[in-house]
Amino acid sequence: MQLKNVGIFILLVAIVVIATLINGTFVDPANLKTLVRDTSLYGLISIGVALVIMTGGIDLSIGSVIALCGVMLVQVINIRYEKTGFETKITDTRAEDNADGTKRYFLSIADSPPPLHDGDRLVYRSTSGESAINLRGEVTLESDVTIAKTVWIESRDALRLVRPGMKVTLSQIRYTQPLVACAIVLGFAGLVGLVHGLLITKLHLQPFVVTLCGLLIYRGLARVWTGDDQVGLLSALSSFKSIVTGAAFELPIPLIGRVSGANESPWGLVWIDFPVTGVLLAVVALAAWLFLGRTIWGRYLLATGENEQAARYSGVPTDAIVIFAYVACSLLAGLAGILFTLEWNSVQPNSSGSFYELYAIAAAVLGGCSLRGGRGAVIGVIAGAAVMRCLYKAIVVLGIPQQWEMVIIGAALMMSVVVDEMLRRYQAFRRL
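Read in numbering that gives the first Met the number 0, the sequence shown has 261 at position 262, and its numbers run on one by one without any break.
In short, the hints are calculated from the structure, not lab data.
Certain hints may be false.
Stated by the list, open to error - Derived BS3-like pairs (lysine-lysine); straight-line CA-CA distance at most 30 Å:
1. K392 to K32
2. K102 to K201
3. K88 to K32
4. K102 to K88
5. K82 to K201
6. K240 to K392
7. K240 to K82
8. K82 to K102
9. K240 to K32
Said to hold, decoys possible - Here are the simulated distance ranges between beta carbons:
10. P251 to V208: 43 to 51 Å
11. V16 to L285: 26 to 34 Å
12. A157 to I399: 20 to 28 Å
Ideal Cβ positions, reconstructed from N, Cα and C, are used throughout, including at glycine.
Start from the sequences and build out the full structure, keeping to the hints where you can.
See the structure below:
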């Protein structure tokens, strides 16, 4: 492991320890869960841009690709409602308290409906016009509230305007299969990277110019496509979203229970949910590590970044390597766009993904990637992404004004570039 990679891990530990000593809630299970999730999402785009930086290039369009892919996912899913012809009456409504203080709402209807899906609607007319009740699905309540020949349905909405005896009709939700929609979005993201790579290798345009133009074009397309309005998934894909954004397993974290007050374990052991996005990051990171360290193509990529002309004269297909790096970067940005959209449940085309390319570049450089190309390590990039998110969380938890976020991140990036330059000169001096 390079000296700089060791340094980034020391910096990560230092941030966590200092923030915890100042405010013990920094290591609360809920905060750690958020940190792992955010590190996973930002880690994906950081690995993508790291591959580009290793070739000596740069990609400034990542944030705009995330926004455009999020908008595209919503549009391709194409959520719509179809009337079924089913008509019935509401016979009763109920509300039950959850353990966390929230409420669940239920209604009963006189007739058995067709099979219900999460997101279906019961449509009724009120004094203000046509309104709808968003449903979760048919349920079976406890025996003391179950009425014979009555169907109980859980509602997503509070039932303030609904009264027994009110006539309702059923509209069922329809949308494209989520895996098909995700595949289409990823295909488009890969095409974006291919265009970037071809413009850079075949027309010999500067990566900075190509991706800066992409930043403007893709953000503009997202705004034009939506009319500059927020778009979202509403209540569709609830089961798919719960799988993708949910927990894969629980992970034990020692020595923090007593600090955060989470439990009374003698070892301070706390179990936190490890998200599915963390598993995706682990898979992508393993694939990138194997590619860079265990394949000839990974060595070609590093050689291209070190000296592209020399690599070409040595028989390395440098154009193919550069194109691959930009395709991989855009694919990971597209994947992140899908995951962010499922996490947010909506996309704001003029702001979603803004400055994410800077976070990714900062994480890659902090993690040991040289902006001159030819050097980088996947584990360091993930540590860099973790440092960026820990810095952000420390700003929030410690009550530092949010305006300082960019200052702190910019200073961290500047320090990393300075350290990179000093190490380069030291290594050159050692070779002499």
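Evaluation of the provided hints:
no. : hint                     : in the structure
1   : K392 to K32              : holds (12 Å)
2   : K102 to K201             : violated (60 Å)
3   : K88 to K32               : violated (44 Å)
4   : K102 to K88              : holds (23 Å)
5   : K82 to K201              : violated (53 Å)
6   : K240 to K392             : holds (25 Å)
7   : K240 to K82              : holds (25 Å)
8   : K82 to K102              : holds (29 Å)
9   : K240 to K32              : holds (17 Å)
10  : P251 to V208: 43 to 51 Å : holds (49 Å)
11  : V16 to L285: 26 to 34 Å  : holds (28 Å)
12  : A157 to I399: 20 to 28 Å : violated (37 Å)
In terms of the numbered hints stated before, the structure departs from hints 2, 3, 5, 12, listed from lowest to highest.
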